[in-house]
Amino acid sequence: MAYLELNNIYKTYGQGDNETEVLSNINLKIEEGEFVAIVGFTGSGKTTLVNLINGLIQPTSGEVLFKGQPVLGTSHERGVIFQNYSLLPWLTVGQNVFMAVKEAFPKKSKSELNALVASYVEMVSLTPAINKRPKELSGGMRQRVAVARALAMKPEMIIMDEPLGALDALTRGNLQDEILNIWGQDKRTALLITNDVDEGIYMADRIIPLRPGPKATLGPEFKIDIDRPRDKTEMNDNENFKQTRNAIIEYLMDIGNERKSEAREAYVLPDLAPKDFVNQFR
Amino acid sequence: MKASLTLGKVSKFMGLGFFITLKDLFTGKLEKEDLKSFLRKVVVPLASIILFIGLWHLGAKSLYNTEAEFKIAKALQDQGQAAADALKVCIASGDSSCQPNTLPSPAQVWESFQSLLRDHNIISADKAAFAEKTAALNEKRIAAGQDPIVYTGRPSFVDQIFRSLQTVFAGFFLAFLIAVPLGIFIGLSPTLKSAFNWFIQIFKPVSPVVWYLLVFMIVKTVLIGSSNDSSFTISFISVGLCSMWATLVNTAMGVSSVDKDYINVAKVLKLGTFQKIFKVVLPSSLPLIFTGLKITLSVAWMVLIAIELLAQSPGLGLFVWEEFQNGANDSNAKIIVAMFVIGIIGFLLDRLMLTIQNWVSFDKQDAI
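If you're matching them up, the sequences are chains A and B in order. The first sequence runs 5 to 286 under my numbering. The second sequence runs 13 to 380 under my numbering.
If you are wondering where the hints come from, they were derived from the structure by calculation, not from laboratory data. Honestly, I wouldn't trust all of these hints.
Straight-line alpha carbon distances no greater than 25 Å define the calculated PhoX-like cross-link-like pairs of lysine-lysine that follow [unchecked claim]:
| id | chain 1 | residue 1 | chain 2 | residue 2 |
| --- | --- | --- | --- | --- |
| 1 | B | K73 | B | K205 |
| 2 | A | K111 | B | K73 |
| 3 | B | K288 | A | K106 |
| 4 | B | K272 | A | K136 |
| 5 | B | K272 | A | K106 |
| 6 | A | K139 | B | K145 |
| 7 | B | K282 | A | K106 |
| 8 | A | K246 | A | K227 |
| 9 | A | K158 | A | K112 |
| 10 | A | K114 | B | K288 |
| 11 | B | K205 | B | K216 |
| 12 | B | K279 | B | K205 |
| 13 | A | K71 | A | K158 |
| 14 | A | K279 | A | K219 |
| 15 | A | K219 | A | K246 |
| 16 | B | K288 | A | K158 |
| 17 | B | K282 | A | K71 |
| 18 | B | K279 | A | K111 |
| 19 | A | K191 | A | K236 |
| 20 | A | K112 | B | K272 |
| 21 | A | K139 | B | K73 |
| 22 | A | K112 | B | K288 |
| 23 | B | K279 | A | K71 |
| 24 | B | K53 | B | K73 |
| 25 | B | K279 | A | K106 |
| 26 | A | K158 | B | K216 |
| 27 | A | K33 | A | K158 |
| 28 | B | K205 | B | K272 |
| 29 | A | K112 | B | K279 |
| 30 | A | K106 | A | K33 |
| 31 | B | K288 | A | K111 |
| 32 | B | K272 | A | K114 |
| 33 | B | K288 | B | K272 |
| 34 | A | K136 | B | K306 |
| 35 | A | K114 | B | K100 |
| 36 | B | K306 | B | K205 |
| 37 | B | K288 | A | K139 |
| 38 | A | K158 | B | K279 |
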């Protein structure tokens, strides 16, 4: 039995004539300790998929099984890193993390919790900023707080919804390494949603493209057989990497073209020519 | 250095940033590019104040002349040339018995302001003397279980100000105590929202005068048989009911429109209901709640004058009304003094709320 299983998931929004099917026939299995990436275009239903897995919303039909049990609500076992950080702006970095650990470990004493907060803030190297509010931090720092908050609850599975989407390329690279480091330390199960194929290949064991919605569904999976720890510069010369990358991008491009051709509609343009103003006023 | 830094921070915090520029001017730290902002922040307001006073002076003078000419013409028509000449001399001499009754000039208002302060000093001295005189007797009376003798003389202008402030704060706290919890409940529950919506929509636009009459009807019966003066109770309840709507609506809106991301965080962290309300919903709606409270306080101060006037409750409203009824020679000037005092206190109350808001809220904002 897989660690996380999605069986025949359908998700629709609205009712009657306004009903739109966002996700259609999604089947996914993730084994324990695996790092899976789902890549897709923006607006293809990625966030809906994440919210289904973390339990914020329920599927219209089908079931999400986590360790064999149906997911009916959120749980501390599945830590979420949101796309837009979602830090509470009135709390400091430390307080944001503290709030999470306090809920996850209600039995621990305050000093134990504080030690836990300190260690996770240190892990994302934000100790100097522990008393700052999110507003005073850069985007990368905020995302690291969100990472610390999700990990401090010691979830068994980490779900990341485009965690690095809003960051610049350099910060992105650093944070990818940090997340991989943390994941490598105790081999938790991880699901990464991203729109960056390179990021997916660099980080994940398996990549599954999401065919864009409406009626989004998962495409064929691509295994990444590159040894860890992976090196970005070396990877660029790796034949295996090149092939996988090209295959995925080709696949995504094909879907994109398919979509475009579907949407193509021949417009009859009126036969117009600009007036010759220059000669008219001469 | 440290003290000046604090001054700068404090004044910026209170939305009085121009103090910093003023201080820089005196300490000679003003850079050339600061000169523009100095001109804009200090010189322009000062110039506009002077212009305002100048226009006021000219306007008052012209009104004064019109009124004087009319008076003389009327005396000429009714009583003949001799009376008209006498009146002319009388007006020119500045005798208070025959001054035209019109908009007072800035100088007259300033004079009245000082006379009101002198009056306050006299009354305070009087009060102190009275307290001294009755101190021994009051002790005996209290020991014997009787009520102490209190000063029942005329309140001074400053006393009226403090009474008004008491009323407005009592009313404001009443509004706060009703509107904030109610707003939170309405914001959290769509059922309550639809239950209260008609109520809010209908009662929100009701005029302060009508609120006063309504409160009067109820309080009069509730306090039946009580010998205490109920005017204070009536006026502060009316002020509270009249001004609470802005807070109620803003609180409900703030609570019901919390960012979905924060709600998702609360769900993912599995916060309990109370935790969710106190740690996520309330902090995120604080800016809107405070906007509501700020409006409430300024509305409370605005309607206070009308309500005090109706309720015959001591305070600035009653002061204005009594001066108008009084019709003494300097009454008009005193009314204008009261107008400025009301305006300035209103401004200070607004700044007070802004300071508190900046203190407690994460969403710092500059004064508008």
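TODO: Find the hints from earlier in the document that the structure breaks and name them by number, from lowest to highest.
DONE: Failing hints, ascending: 1, 2, 6, 14, 15, 20, 21, 24, 26, 30, 32, 34 and 35.
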